[in-house]
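Protein chains in written order, with the numbering used here: chain A, 322 to 658; chain B, 322 to 658.
Derived from the structure by calculation, the hints contain no laboratory data. One thing to keep in mind: the hints can contain errors.
The list treats identical chains as interchangeable, and a pair is accepted whether it falls inside one copy or across any two copies.
Stated by the list, open to error - Straight line, CA to CA, 30 angstroms or less: simulated DSS-like cross-link-like pairs of lysine-lysine: (1) K457 with K614; (2) K654 with K366; (3) K575 with K654; (4) K569 with K500; (5) K521 with K575; (6) K575 with K614; (7) K575 with K613; (8) K521 with K457.
2 protein chains.
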Amino acid sequence: MWYEGRTLDHIVISHRIRLARNLVDYKFPVKMNQQEAYEVIRHLKVELAQLIGYDFDFIELEAISDIEKQKLVETHLISPLLSQIHLPTMVICNKERDISIMINEEDHIRVQCMQGGQSIQKTWETASKLDDDIGKVLEYAFHKEYGHMTSCITNVGTGLRASFMVHLPMLSKTGHISKIFESLQKLGIQIRGMYGEGTKVLGNIYQISNQLTLGRSETDLIAIVKNVTQNLVEKEEYIRTHLSETTKRGLINKLYRSYGILRYARELSVEEAMELLSDVKLGFEMGIYDFKKPSHNLYEMMLMCQEGVVLSGSQSIKENIPLNILRAEHIRKHLEI
Amino acid sequence: MWYEGRTLDHIVISHRIRLARNLVDYKFPVKMNQQEAYEVIRHLKVELAQLIGYDFDFIELEAISDIEKQKLVETHLISPLLSQIHLPTMVICNKERDISIMINEEDHIRVQCMQGGQSIQKTWETASKLDDDIGKVLEYAFHKEYGHMTSCITNVGTGLRASFMVHLPMLSKTGHISKIFESLQKLGIQIRGMYGEGTKVLGNIYQISNQLTLGRSETDLIAIVKNVTQNLVEKEEYIRTHLSETTKRGLINKLYRSYGILRYARELSVEEAMELLSDVKLGFEMGIYDFKKPSHNLYEMMLMCQEGVVLSGSQSIKENIPLNILRAEHIRKHLEI
Chain A
322 MWYEGRTLDH IVISHRIRLA RNLVDYKFPV KMNQQEAYEV IRHLKVELAQ
372 LIGYDFDFIE LEAISDIEKQ KLVETHLISP LLSQIHLPTM VICNKERDIS
422 IMINEEDHIR VQCMQGGQSI QKTWETASKL DDDIGKVLEY AFHKEYGHMT
472 SCITNVGTGL RASFMVHLPM LSKTGHISKI FESLQKLGIQ IRGMYGEGTK
522 VLGNIYQISN QLTLGRSETD LIAIVKNVTQ NLVEKEEYIR THLSETTKRG
572 LINKLYRSYG ILRYARELSV EEAMELLSDV KLGFEMGIYD FKKPSHNLYE
622 MMLMCQEGVV LSGSQSIKEN IPLNILRAEH IRKHLEI
Chain B
322 MWYEGRTLDH IVISHRIRLA RNLVDYKFPV KMNQQEAYEV IRHLKVELAQ
372 LIGYDFDFIE LEAISDIEKQ KLVETHLISP LLSQIHLPTM VICNKERDIS
422 IMINEEDHIR VQCMQGGQSI QKTWETASKL DDDIGKVLEY AFHKEYGHMT
472 SCITNVGTGL RASFMVHLPM LSKTGHISKI FESLQKLGIQ IRGMYGEGTK
522 VLGNIYQISN QLTLGRSETD LIAIVKNVTQ NLVEKEEYIR THLSETTKRG
572 LINKLYRSYG ILRYARELSV EEAMELLSDV KLGFEMGIYD FKKPSHNLYE
622 MMLMCQEGVV LSGSQSIKEN IPLNILRAEH IRKHLEI
């Protein structure tokens, strides 16, 4: 996985480029029946397996368990929607799992490229090249005037969504965030939870992305989202470095306690675990603790406490151990240095 | 101190015998003026210094700081009342600090003998012998029919209060305690906080003692309090060993978290610290933790988090560090194995 064993402990955890594409010879997924959906999958399997320079795994979602599906959602390889669709669907991933192509989600093809940190330019180049390469072997539904045709009107045009996943604990704790987000929404910037559309905000992690994709070039869209994110980072940093003596003292106490609870709790819900890990991430970034970071990065640990990831450990279901106990165990083990 | 470096981690933390005595040649303390109070102190200093077989320290309360007084209260060598009286007062202690004699509290003389654990018989013998020894050199105010004369009517007779300090976390957590205490009060048993009359219950520690001292022999009074205490111990133990699976799971989680907070918190109020230490004491006694006990016993640590004890450390006041920060530091240091 792209996030494993890496230093990701910054405000910008990761970023992602997503391109929505459809094939000209098939109905949009919302209008397809079983048979037609199968045909799309078969067709894409054959064509994309031949792309030179890629080494893809083809995972048909019918063939895997619900827990495995959930794990794919939690590690951002597929959207929650893809895991729920009743038609045949597929995800195509490279070995590093920083490229994933969802088949038969809202659109026939959704190319996703993701990376840790802030440098989105290289990721955009990867996505763009992959898009070109696919475009050479398949014919996209493309309108001269409007651009790429998509199921949902908001994706028509470039079909691009650029997003940054940011950790904003101080903006959240101080309550500044709601006002900021209100004004960003007016500017066409979408703020969502860690797992996109309609998902809860967990651990003060937000996805910042463009709302519309039409009427602007890809590089413009990316630049807008990047600037907004950079601005949020500066605001978050400003608060962190301008705390009053009293607030800082309270924060230190709070962040140490959060670490203590994570280190010793025997049961943790996902909400609490995410909140505590958010505190611990903040504590390390602010240099508050007098002990060393764990070898796993904190974002990795946040993913580790998601239900599917926790349950996909082999013994868990057989032994009928409650999820909250398993999660706490998981975290304790990985918090060690 | 009697409680230092000893294994006291049981439900009955300690017990105490207290004898109220007055001198026949002086007015009761409530009626004394400064001069008369001084005379009592001078007189007792001379007489008790000559008692053979005792090695006493004589501490006049006027001569020590408020923090030192508070520390004497917190370590149970004097009552909160003695630290507040405006007349000259004194406490006489042996080196082990398991004998303390308060002078000019409610009565001229209050002999106190205390020990860890449950075996009150030996402590009673010590107190009784000391009482006899004092009675040989001083004349007590004694009435043939009523017995020892005291300021407060409840102490007339034997002047004896036998008390046990018990830690009843499960009876408290389950709420059983209020009903039990109600019925005990009807039987003439008094239940009070850790520092006696009018003090708050901290850390689920209660003082169980006889209300009246008249009309019964000393051994009868002691036997009654002892039986009541034994009964409470059995009730507490019953709950600890008859928890449902679910309750036990929740308890384990709670007790581990309490340990984690104590181990990492940077600020702790006395109430919270006592509550957490109570949890940790329970956790060790129930064999819940997968790590070793700290070398200090938990009761010792409870005393360590009291204000006077915390502040009597030298650097604390000079450096103007908030009490809650000092307390947390104190506890962290002593929680280490």
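For each hint, the structure was consulted:
no., hint, result
1, K457 with K614, "neither (46 angstroms within a copy, 69 angstroms between copies)"
2, K654 with K366, "neither (39 angstroms within a copy, 62 angstroms between copies)"
3, K575 with K654, "both (22 angstroms within a copy, 19 angstroms between copies)"
4, K569 with K500, "within (23 angstroms within a copy, 44 angstroms between copies)"
5, K521 with K575, "both (23 angstroms within a copy, 27 angstroms between copies)"
6, K575 with K614, "both (17 angstroms within a copy, 25 angstroms between copies)"
7, K575 with K613, "both (18 angstroms within a copy, 26 angstroms between copies)"
8, K521 with K457, "neither (39 angstroms within a copy, 79 angstroms between copies)"
The structure fails to meet hints 1, 2 and 8 from the earlier list, while all remaining hints are met.
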